[in-house]
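Trainee: This is what each chain is made of:
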Amino acid sequence: MLQKGIESDGINHMTNIVHCRIDFRLIHGQVVTKWLKMKEATLIMIIDDELSKDEFLGMVYKMAAPRGYEVLILSIEDALKMRDSIEDKRIFILFKNIETASEAVKHGFRLESLQVGGLEGKPGKTSVFHHFPVDENDCDLLKGIENAGTHVFFQTVPGENEVELSSVLQKMKEKSK
Amino acid sequence: MSQKLNIIVMNHGEFGTWLIKSAEMIVGEIKDVYAFSLTEGKSIENLIKEVTETFDTLNGETVLLTDMYGGTPNNAALVIQQKYQCRLICGMNLPILLELILIRDRDDVSLDVLIKNCVAAGKKSIESCISPISSI
Numbered sequence: 223m224l225q226k227g228i229e230s231d232g233i234n235h236m237t238n239i240v241h242c243r244i245d246f247r248l249i250h251g252q253v254v255t256k257w258l259k260m261k262e263a264t265l266i267m268i269i270d271d272e273l274s275k276d277e278f279l280g281m282v283y284k285m286a287a288p289r290g291y292e293v294l295i296l297s298i299e300d301a302l303k304m305r306d307s308i309e310d311k312r313i314f315i316l317f318k319n320i321e322t323a324s325e326a327v328k329h330g331f332r333l334e335s336l337q338v339g340g341l342e343g344k345p346g347k348t349s350v351f352h353h354f355p356v357d358e359n360d361c362d363l364l365k366g367i368e369n370a371g372t373h374v375f376f377q378t379v380p381g382e383n384e385v386e387l388s389s390v391l392q393k394m395k396e397k398s399k
Numbered sequence: 003m004s005q006k007l008n009i010i011v012m013n014h015g016e017f018g019t020w021l022i023k024s025a026e027m028i029v030g031e032i033k034d035v036y037a038f039s040l041t042e043g044k045s046i047e048n049l050i051k052e053v054t055e056t057f058d059t060l061n062g063e064t065v066l067l068t069d070m071y072g073g074t075p076n077n078a079a080l081v082i083q084q085k086y087q088c089r090l091i092c093g094m095n096l097p098i099l100l101e102l103i104l105i106r107d108r109d110d111v112s113l114d115v116l117i118k119n120c121v122a123a124g125k126k127s128i129e130s131c132i133s134p135i136s137s138i
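Chains as they are written, first to last, in this note's numbering: chain A, 223 to 399; chain B, 3 to 138.
Same shape as in the complex, but just chain B (with noise of 0.2 Å):
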């Protein structure tokens, strides 16, 4: 992409914190992510707040990435959504992510592009794998 690109990350808990670090494991330190988690006790109103302020500081173009649909992260990211311009992953997992940090600063790539083959790639990084011994 030309521009740049933040991530937002915002989960139950601190998943997204921990993934990110899980992701710097395998690609070295990671620039422009944020991650906000959904705690016990904190209203959809506190999350979307909090999220909000930050991204009132960013330049670029913005990808949130939660949890799953139908969850309160996902639900504050919708509400998000409507008032930034941004895009929105829900089930997001370490390919998904290791593929927007690899291709984000790819100049060949549109942001529509790099969402598509993200969600690609986070739905083909899941599958059963048969054990060679018992072929389950």
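So here's chain A without its partners, still in its complex pose (with noise of 0.2 Å):
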């Protein structure tokens, strides 16, 4: 599934990314900080269609960040451009949303693991566990996502366990019978 414009590969070159994290408050207090902080990133890479083009918002999320970290929000588009241009710098990729996510998989993203974190809770989605909110779709994408060769798991915060997106299918499984 290849965007046009993609190199013909289409496979992501961002070799030095530390973490990725599907996080629906983006840059938020100190649960990204912890994060940043353990995964030695240095620079946050934001990758939101909407959100690139939203100047100030965009300013919002960039003052957050905390001191010495290095902010860009791009576009899926943008972001498999720069791909190759980003050298000595630990990458730390927020997806605003599971859909986000999908489609930067979709166009040619290969992400080692992706870290559920934070999920905004919508009519019509139920939590299976603490709070996640989750519906068909959503796992839908992120079983997608999983059979493209990344680890999915979920985990707000370092110190919590980490829980596997087979769990999370069970349980969805179990609370629809």
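There may be inaccurate statements among the hints.
Derived lysine-lysine pairs resembling BS3-like cross-links, with alpha carbons at most 30 Å apart [unchecked claim]:
#	chain 1	residue 1	chain 2	residue 2
1	A	LYS344	B	LYS6
2	B	LYS44	A	LYS347
3	B	LYS51	A	LYS284
4	A	LYS275	B	LYS51
Residues of chain A placed beyond 10 Å of chain B at every Cβ, according to the derived structure [stated by the list, open to error]:
#	residue
5	GLU309
6	PRO355
7	ASP357
8	ASN369
9	GLU382
10	LYS399
No lab work stands behind these hints, which were simulated from the structure alone. We put the beta carbon where it would ideally sit given N, CA and C, even for glycine.
Need the complex rebuilt from these two chains, each delivered in its own frame; the hints are there to steer you.
Mentor: Right, here's the structure in full:
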């Protein structure tokens, strides 16, 4: 599933991705700071088509970032284009939601692992554990990401147990019975 | 201040609601103060919407109080501050809220001075108390 304009191998070349997280609050408080420190990241890359066009809200998130980190807010297309020009950085990728992460993977991003850290509550979604509201569509998208070779797990803060996607899918199945 | 000062409190969870109740234990009923909570699962966009809906009904000056810089309530407050004329103090605590309430009606104090004094009052209020027994 290659998008027009991406190089023919469709492979993401950003080999220095140290962490990849879905968090609908993006850069917020001490949660993300803890992860940034743990992973020794140097650059925060928010990948979100809408946010890349919202200059003001983008500025708010850049201001919210702890000192010492570079922050880039890019559309999926631009993030893919930039992949080879980012050297000597330890990249921490943030997606706002499952849909965007799924699109990025479909457009050629290869992620070793994807941490689901925070999800927005919406009507029709149920929390199978802790506070991770998901619906069938979310599960399908996450399954798709896992099938592309990414380890998908749920975890909010360091120290908390990682919960595998398979556990969440199992719980969803049980709940729908 | 010669004009009315509204206080909008924005925090994680119900911190603001309860902080206001605590302040009321000390100074009695407080008017023109509004609390907004960022609850689990609520997006920044929804919080901004809730606050701006109230903001649109207010007259006079407004100050936003948030719990901490970098948190989503403060990120929301920064967005609101761009669209609406208002002040913003992050890292709110009880002394700051009390200072605002007690001084806002004084005609001889401008908004600039009030905000400055509140920040100073908040900072000054934080200290580690030494135990007379163990000198810790």
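Trainee: Hey, does ASP357(A) actually stay past 10 Å from chain B on C-beta?
Mentor: Given a closest Cβ separation of 13 Å, the condition holds.
Trainee: Would you mind confirming whether the straight-line C-alpha gap from LYS344(A) to LYS6(B) stays at or under 30 Å?
Mentor: 37 Å, violated
Trainee: LYS51(B) and LYS284(A) were given as a pair; does the straight-line alpha-carbon distance stay at or below 30 Å?
Mentor: 21 Å, holds
Trainee: Quick one: work out the minimum CB distance from GLU309(A) to chain B and report holds if it exceeds 10 Å, violated otherwise.
Mentor: At about 28 Å from chain B, GLU309(A) clears the 10 Å cut-off, so the statement holds.
Trainee: Does GLU382(A) sit more than 10 Å from chain B, CB to CB?
Mentor: For GLU382(A), whose nearest Cβ neighbour in chain B is about 15 Å away, the distance exceeds 10 Å, so it holds.
Trainee: Could you grab the alpha-carbon distance between LYS275(A) and LYS51(B) and see if it respects the 30 Å cut-off?
Mentor: 20 Å, holds
Trainee: If I take the minimum Cβ distance from ASN369(A) to any residue of chain B, is it greater than 10 Å?
Mentor: Per Cβ check, ASN369(A) is outside 10 Å of chain B; nearest 27 Å; holds.
Trainee: With 10 Å as the threshold, tell me whether LYS399(A) passes as away from chain B on beta-carbon distances.
Mentor: Given that every Cβ of chain B is farther than 10 Å from that of LYS399(A), nearest at about 25 Å, it holds.
Trainee: Just to be careful, I want the Cα atoms of LYS44(B) and LYS347(A) compared with a cutoff of 30 Å; is the pair within it?
Mentor: Satisfied, since the Cα-Cα distance of roughly 13 Å is no more than 30 Å.
Trainee: Checking a non-interface call: every C-beta of chain B should be farther than 10 Å from the C-beta of PRO355(A). Is that right?
Mentor: At about 6 Å from chain B, PRO355(A) fails to clear the 10 Å cut-off, so the statement is violated.
Hints 1 and 6, counting from the list given before, are not met by this structure.
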